[in-house]
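In this text, residue positions in the sequence shown follow UniProt numbering: the first is 1, and each later residue adds one.
Just so you know, the hints here were simulated from the structure itself, not pulled from any lab data.
In this text, all values refer to a predicted model and were calculated from it rather than measured experimentally.
Errors might be hidden in some of the hints.
To be verified - Listed next, the in silico DSS-like pairs over lysine-lysine satisfying Cα-Cα at most 25 Å (straight line):
#: 1; residue 1: K254; residue 2: K400
#: 2; residue 1: K400; residue 2: K321
#: 3; residue 1: K171; residue 2: K90
#: 4; residue 1: K254; residue 2: K321
#: 5; residue 1: K171; residue 2: K109
#: 6; residue 1: K171; residue 2: K95
To be verified - Derived CB-CB ranges, DEER-like:
#: 7; residue 1: E373; residue 2: A433; range: 40 to 50 Å
#: 8; residue 1: E399; residue 2: D190; range: 29 to 39 Å
#: 9; residue 1: R13; residue 2: P196; range: 15 to 25 Å
#: 10; residue 1: D168; residue 2: P37; range: 32 to 42 Å
Ideal Cβ positions, reconstructed from N, Cα and C, are used throughout, including at glycine.
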Amino acid sequence: VGGRATGSEANTRAVEWALERFRAAGVTARAEPFPMPALWLERGATASLQGQGVRFAPRVAAMPFSTATPRGGLTAPLLEVGRGTEADFKRVGAKARGAFLLVETDELKDVDGLFREYNEAALIESRAFTAGVAGVVYMGSRPGNQLYRHSVSVGPRNTRPMMVMERDGAKRALRLLRAGTALNLTAALDLSTGGPYTSRNVIGELRGTTHPDEVVVLGAHLDSWDLGGGALDNGANVAMLIDLARQMQRLGLKPARTLRFALWNGEEQGMYGSAGYTRTHAAELDRHTLALSVDIGCGRITGFYTNGRPALVPLVDRALKPVTGLGPFTQVDVPVVGTDNFDFMMHGVANLIANQEPATYGPNYHARSDEFEQCDARTLRANAAVVGALAWGFATMDEKLPRQSRAEVEALVRDTDLGEQMQSFNVWQEWTAGTRGHPLEARPTPAPR
1 VGGRATGSEA NTRAVEWALE RFRAAGVTAR AEPFPMPALW LERGATASLQ
51 GQGVRFAPRV AAMPFSTATP RGGLTAPLLE VGRGTEADFK RVGAKARGAF
101 LLVETDELKD VDGLFREYNE AALIESRAFT AGVAGVVYMG SRPGNQLYRH
151 SVSVGPRNTR PMMVMERDGA KRALRLLRAG TALNLTAALD LSTGGPYTSR
201 NVIGELRGTT HPDEVVVLGA HLDSWDLGGG ALDNGANVAM LIDLARQMQR
251 LGLKPARTLR FALWNGEEQG MYGSAGYTRT HAAELDRHTL ALSVDIGCGR
301 ITGFYTNGRP ALVPLVDRAL KPVTGLGPFT QVDVPVVGTD NFDFMMHGVA
351 NLIANQEPAT YGPNYHARSD EFEQCDARTL RANAAVVGAL AWGFATMDEK
401 LPRQSRAEVE ALVRDTDLGE QMQSFNVWQE WTAGTRGHPL EARPTPAPR
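Working from the sequences, and respecting the hints, build out all of it.
Written out as structure tokens, the structure reads:
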């Protein structure tokens, strides 16, 4: 299937492929529709730089939810804005209006660097929009001139061309600008865009025996960005969950609670598939025991983020006892935004994210190099055993953590950096409006569709 951005033909093929794989294994499977706010796909992106005695054409990739340029491209002065700090914008001043701004970046080393990129981009873009820029150009942070995609921080509300430029080309432009050479940038971003549309999640299910109405969700997102094959992010974990369901079915295992293997769509654009699930199944969320997200590549699972639910830690420890030899495992009780646990967390459902060794994840994240060869099959098999033990433990244990109220979730937001993370990932406004996560107390929970 390859890269499979939500809304693309490849994504439609991926949905059909996943349904067929579940059903071929004897696992009940269905596709569940959910709304996407806007269509965004890149058809092509080019850039050229011109100055006194200078002309070159570095490769670029449009950032998701960038706007298209006019036919023939958009030409404007290119100015360097350093790292995009508040002081940098003050230095550039009024010259930023109507110009493309080039933002310098560090070369990416690890997953922590990814989160810094997201957090810094939200601040940079806010300053850029206030300054009235023509568009923003990020120096690529990946080695080997890899291109990649990060969503614009304001998502579908964005109104400007935004792009990533290959690192060496951006460095050359930066050297010229700092040497006093005036440069113009012509960017041509050809995009397929549109309004709201319907996408589909894929749900495989092993029905519980004694508590079939209680649900353990095991999730990995099916969609990917389109530059590479989307193996690390997140095809490997999709395949792992399908195979885990297949093996449980083959062995005739009968969980007490229902196991739902959820392959989410729309994750890359803003975790829309899992958000849609929580709306469709709103009346059932009190009976959801756990929601797990596996979404950090192919590295060994080292434990789980328990996302502000310390009572989960001993339960996870107990569930993992059968696979102690694959550890050690450490649970980290901090809330994390950026994957499909988010809407369950904001609805008060106990939730986990698999924490994984970085392996090859960081430099290849969302990049052309995200291909099957980045994954190690033996590690994936070990991870399947870990997730299987966790799933079986929570599907059979007597304990079930109660669902938190909106007030309890608001306390988590207040007492941690959760709110800052939500702003970086463009979900803060929906939470405060009560349209994402627990509805506001004065509003009834919407009935499932």
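How the hints compare with the structure:
no.	hint	result
1	K254 with K400	holds (18 Å)
2	K400 with K321	holds (18 Å)
3	K171 with K90	holds (22 Å)
4	K254 with K321	holds (20 Å)
5	K171 with K109	holds (18 Å)
6	K171 with K95	holds (21 Å)
7	E373 with A433: 40 to 50 Å	holds (43 Å)
8	E399 with D190: 29 to 39 Å	violated (54 Å)
9	R13 with P196: 15 to 25 Å	holds (22 Å)
10	D168 with P37: 32 to 42 Å	holds (35 Å)
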